[in-house]
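What follows is the residue order along each chain.
2 protein chains.
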Amino acid sequence: MIKVGILGYGNLGRGIECAIREAKDMELCAVFTRRDPKSVTIRTAGVPVVSVSDIEKWTDKIDVLMLCGGSATDLPEQTPKYAAMFNVIDSFDTHARISEHFAKTDAAAKAAGKVAMISVGWDPGMFSLARCYGNAILPDGTDYTFWGKGVSQGHSDAIRRIPGVKNAKQYTVPVEKALAAVRAGETPTLTTREKHTRECFVVLEDGADAAAVEKAIKEMPNYFADYDTTVHFISEEELLRDHSGMAHGGFVFRSGSTGMNKEHNHIIEYSLKLDSNPEFTTSVLIAYARAVYRMHAEGMTGCKTVLDVPPAYLSDKSGEELRKSLL
Amino acid sequence: MIKVGILGYGNLGRGIECAIREAKDMELCAVFTRRDPKSVTIRTAGVPVVSVSDIEKWTDKIDVLMLCGGSATDLPEQTPKYAAMFNVIDSFDTHARISEHFAKTDAAAKAAGKVAMISVGWDPGMFSLARCYGNAILPDGTDYTFWGKGVSQGHSDAIRRIPGVKNAKQYTVPVEKALAAVRAGETPTLTTREKHTRECFVVLEDGADAAAVEKAIKEMPNYFADYDTTVHFISEEELLRDHSGMAHGGFVFRSGSTGMNKEHNHIIEYSLKLDSNPEFTTSVLIAYARAVYRMHAEGMTGCKTVLDVPPAYLSDKSGEELRKSLL
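Order-wise, the sequence lines are chains U and S. Taking our numbering, I'd label the letters of the first sequence as residues 1 to 327. Taking our numbering, I'd label the letters of the second sequence as residues 1 to 327.
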């Protein structure tokens with residue numbers, strides 16, 4: 001059995017707890033929290049909730065520590081820190097800072113003889129795999145990634161910071177016409193506006209100026225100005241009732257040509273339609289935790305990503321079973 | 001530079017020759033043939049065509065030998081034989097005999113200290129990867145594989161063996177309604193008939209009985225009896241003009257549930273739309289030839305499949321470049 005620990009009991013931590021129940025070769029040993037452990041109630045009987053200040057006492061009791069913090073401030077500090085004590089895995093998703101995060105984590109993990117896997121989830125994660133396979137197979141081609149329909153936390157937060165806004169949710173929506181053109185092999189050049197639209201559901205503070213809020217959203221640079229944005233004003237009751245779901249998804253395409261005269265076109269499409277973004281992310285994390293355990297058992301050390309992992313390492317089946325049932 | 005040899009100059013061999021031009025880290029060194037080398041004209045200037053009887057003289061001049069024979073009779077013999085002399089790669093696609101082919105090839109490659117990669121292409125190959133990732137991430141779920149629209153060589157051959165048939169092409173076509181149900185997360189149980197239809201274009205011999213041929217096709221066990229089959233009688237001119245393309249494709253789905261009460265469903269879809277089946281297959285083979293070369297350079301030996309290969313090994317980019325551009 002692979003002994004798993006969880007650090008941080010938010011959406012991701014709860015998703016890990018749930019996904020472990022499907023993994024017959026894993027057991028949850030402890031949930032570590034920065035809060036008072038007495039204030040945290042988990043859903044698995046018999047598993048202790050432990051203060052993170054006591055985590056060093058667990059170094060020989062945990063095979064893989066799942067880091068469930070956020071990418072903005074938690075993981076840049078936590079992943080290198082805990083890679084010095086445990087095999088770890090995180091879902092660091094700030095694309096622009098992955099190289100820096102990799103370098104720090106790699107140094108810590110190598111020094112400690114541990115494996116640390118970063119940026120596991122669906123983007124980065126499964127979408128990165130789709131891009132890597134697509135580029136390797138069709139070197140003469142074009143990549144397209146579309147996200148949604150799903151809530152963007154960053155864009156929802158940006159709306160909530162506007163004066164007069166009480167609460168808000170923002171959906172990123174891929175443009176059907178653009179998807180159809182890519183699928184048809186037209187290899188279109190798409191502007192930001194042509195790829196996604198943004199749909200906002202906003203609850204105003206009492207007495208706020210709706211027109212001013214709508215203008216502030218639609219003209220916000222980077223976040224909304226380059227998109228066709230729709231703003232709906234709704235009640236807080238409607239927001240909680242109709243927009244609390246965590247569905248998400250997206251599409252990765254590789255469109256490329258082969259042939260002596262590039263006369264043949266090929267479209268590879270990978271898509272996800274997810275009822276629960278955090279639960280799918282944690283399902284990916286659990287599969288890669290198995291790989292972390294195996295890679296460490298084989299003597300590997302240092303920082304790894306999904307690009308470094310043989311697919312068979314994600315499965316609890318033997319090579320022979322996989323060749324028989326899935327190849 | 002990775003030195004590549006091709007054994008067999010049919011559709012696959014020509015596809016390899018073409019795909020190598022896109023691989024900046026590879027060079028084609030020789031094409032080996034069972035025919036009289038003088039009778040074989042290849043499209044790359046300066047590359048020798050060599051009789052297969054002289055292949056043993058090339059063992060230190062070739063890094064990876066691409067085996068371009070057929071799965072029925074060529075590869076079961078060729079792959080173990082040449083794995084004793086070279087690192088090899090094949091596209092063996094008889095699913096039911098993969099275990100046997102793996103065992104023989106593994107023994108030969110291990111004894112010789114070589115890497116032999118088998119069953120590389122899109123099914124088995126990229127579709128196997130989609131199934132493996134899908135099963136590992138969503139262990140509580142259902143697999144669906146659909147093929148087409150594309151020509152099935154086996155089914156076309158079966159029609160051509162019917163008395164009175166001069167020539168024929170058979171298309172396997174996925175049923176749109178079934179695709180839609182899977183995509184909608186309905187997790188349908190689908191019979192053979194509900195998944196694919198079969199469309200046949202047949203040229204009759206002079207004086208042949210069309211009704212008898214149509215009956216013979218539609219009632220043929222295994223091949224057609226379990227499907228809704230359409231038969232079109234056309235002229236040989238029409239067949240050559242309209243049905244000589246090698247387009248193909250298909251879809252792999254994993255539909256699975258997560259959540260404490262399995263309340264969330266997720267759909268992973270991987271699909272291919274290919275203008276040229278052999279050219280796409282050879283593009284996959286070329287990417288995996290790079291992996292064969294690297295795995296051998298790292299000291300690995302024995303038989304491998306796509307399930308054993310870290311995605312990064314398929315690319316000519318460094319790990320750092322991949323993390324920056326694709327992760």
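Honestly, the hints are just simulated from the structure, not real lab data. Only a predicted model underlies this, so the values are computations on that prediction, with no experimental measurement involved. Treat the hints with caution; some may be incorrect.
Just so you know, same-sequence chains aren't split out, so a pair can sit in one copy or run between any two.
What the hints assert, rightly or not - Subject to a maximum C-alpha distance of 27 Å in a straight line, what follows is the list of computed BS3-like cross-link-like pairs (lysine-lysine):
1) Lys57 to Lys110
2) Lys149 to Lys177
3) Lys262 to Lys215
4) Lys110 to Lys38
Do the hints match the structure? See the list:
1. Lys57 to Lys110: Intra 21 Å, inter 44 Å, cutoff 27 Å: intra-copy only.
2. Lys149 to Lys177: both (14 Å within a copy, 23 Å between copies)
3. Lys262 to Lys215: neither (47 Å within a copy, 42 Å between copies)
4. Lys110 to Lys38: Neither. Shortest intra-copy (35 Å) and inter-copy (57 Å) distances fail the 27 Å Cα cut-off.
Checked against the numbered hints above, the structure violates hints 3, 4; every other hint is satisfied.
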